[in-house]
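A.B. asks: Which chain is which? The protein sequence lines are S and L, in order.
The opening position of the first sequence corresponds to residue 1 in my numbering, with each subsequent residue numbered one higher.
The opening position of the second sequence corresponds to residue 1001 in my numbering, with each subsequent residue numbered one higher.
Mixed in with the good hints, there may be bad ones.
Calculated pairs, DSS-like style, for lysine-lysine (alpha carbon to alpha carbon, straight line, at most 27 Å) [as the list claims (entries may be wrong)]:
1) S/Lys68 x S/Lys54
2) S/Lys100 x L/Lys1071
3) L/Lys1071 x L/Lys1009
4) L/Lys1009 x S/Lys100
5) L/Lys1057 x S/Lys37
6) S/Lys68 x S/Lys5
7) L/Lys1057 x S/Lys5
8) L/Lys1014 x L/Lys1071
9) S/Lys37 x L/Lys1009
10) S/Lys5 x S/Lys100
11) S/Lys71 x L/Lys1057
Listed next, the stretches of chain L that the computed footprint assigns to chain S, with coverage defined by at least 3 CB atoms under 8 Å from CB atoms of chain S [claimed, not checked]:
12) 1030-1044
13) 1105-1112
Worth flagging that the hints you see were computed from the coordinates, not collected in a lab.
Just so it is clear, CB atoms sit at the ideal spot from N, CA and C, and this is done for glycine as well.
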Amino acid sequence: DQQVKQNSPSLSVQEGRISILNCDYTNSMFDYFLWYKKYPAEGPTFLISISSIKDKNEDGRFTVFLNKSAKHLSLHIVPSQPGDSAVYFCAAYSGGSNYKLTFGKGTLLTVNP
Amino acid sequence: NAGVTQTPKFQVLKTGQSMTLQCAQDMNHNSMYWYRQDPGMGLRLIYYSASEGTTDKGEVPNGYNVSRLNKREFSLRLESAAPSQTSVYFCASSDGQGADTEAFFGQGTRLTVV
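Generate the whole structure from the sequences, applying the supplied hints.
C.D. replies: Below, the structure is given as structure tokens:
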């Protein structure tokens, strides 16, 4: 049972345009959501997070939106840059599960110059 | 500040051999995790330790054992390696005490079982 789903394996955008990466979840007990970025041959690095009590969190070019009723979150990158090309993972956890961090399968973002 | 350190970075095993992947963190984090990454499968949780002295199974624990040696170290052992365990293994740690902490990852161990 996949609790965190990223249904788009890949996404390609032009430099300067907006990238929108999507994530759905099934576990209503999740109370915190995170996005990670991963380059080849490196470990994932934290990008941005959002608490379930909020609907938006912004950090520079990165904004995460949370729609709890739809159990959906999205990561917006504006403007997209070639250096943003990486695999992006959505993750979630709840305090009630001892902070077990569950990841989606990832979306490969390619930003074309 | 080293963060999360994994050893070794690369390993080739023959089927049936055993090995232990080591992980250490210097951030005084309570929680530690072992994940494996396979093509098209994302990051799947093998085992995690919410705090020193406790360990729990994740999504894919079969064929693995773990030891939370102390607060800093969390090792993953393959008792009898199988080709299906060929993967990239990541260790991570987090403070795990609040709703605003993120996990930090090591650089990964690329394991090939032949």
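A.B. asks: If a hint holds in the structure, say so; if it doesn't, say that too.
C.D. replies: Hint-by-hint comparison with the structure:
1. S/Lys68 x S/Lys54: Answer holds: S/Lys68 to S/Lys54 is near 9 Å, not above 27 Å.
2. S/Lys100 x L/Lys1071: Distance of about 17 Å is within 27 Å: holds.
3. L/Lys1071 x L/Lys1009: Cα-Cα ~22 Å, so holds.
4. L/Lys1009 x S/Lys100: Holds, because 25 Å separates the two Cα atoms, which is no more than 27 Å.
5. L/Lys1057 x S/Lys37: holds, 25 Å
6. S/Lys68 x S/Lys5: holds, 15 Å
7. L/Lys1057 x S/Lys5: holds, 21 Å
8. L/Lys1014 x L/Lys1071: Not OK: L/Lys1014 and L/Lys1071 at ~32 Å, beyond 27 Å, violated.
9. S/Lys37 x L/Lys1009: holds, 20 Å
10. S/Lys5 x S/Lys100: Between S/Lys5 and S/Lys100 the Cα gap is close to 16 Å, so the pair holds against 27 Å.
11. S/Lys71 x L/Lys1057: holds, 26 Å
12. 1030-1044: Three-residue rule met by the segment 1030-1044 of chain L, so holds; n is 8.
13. 1105-1112: holds (count 4)
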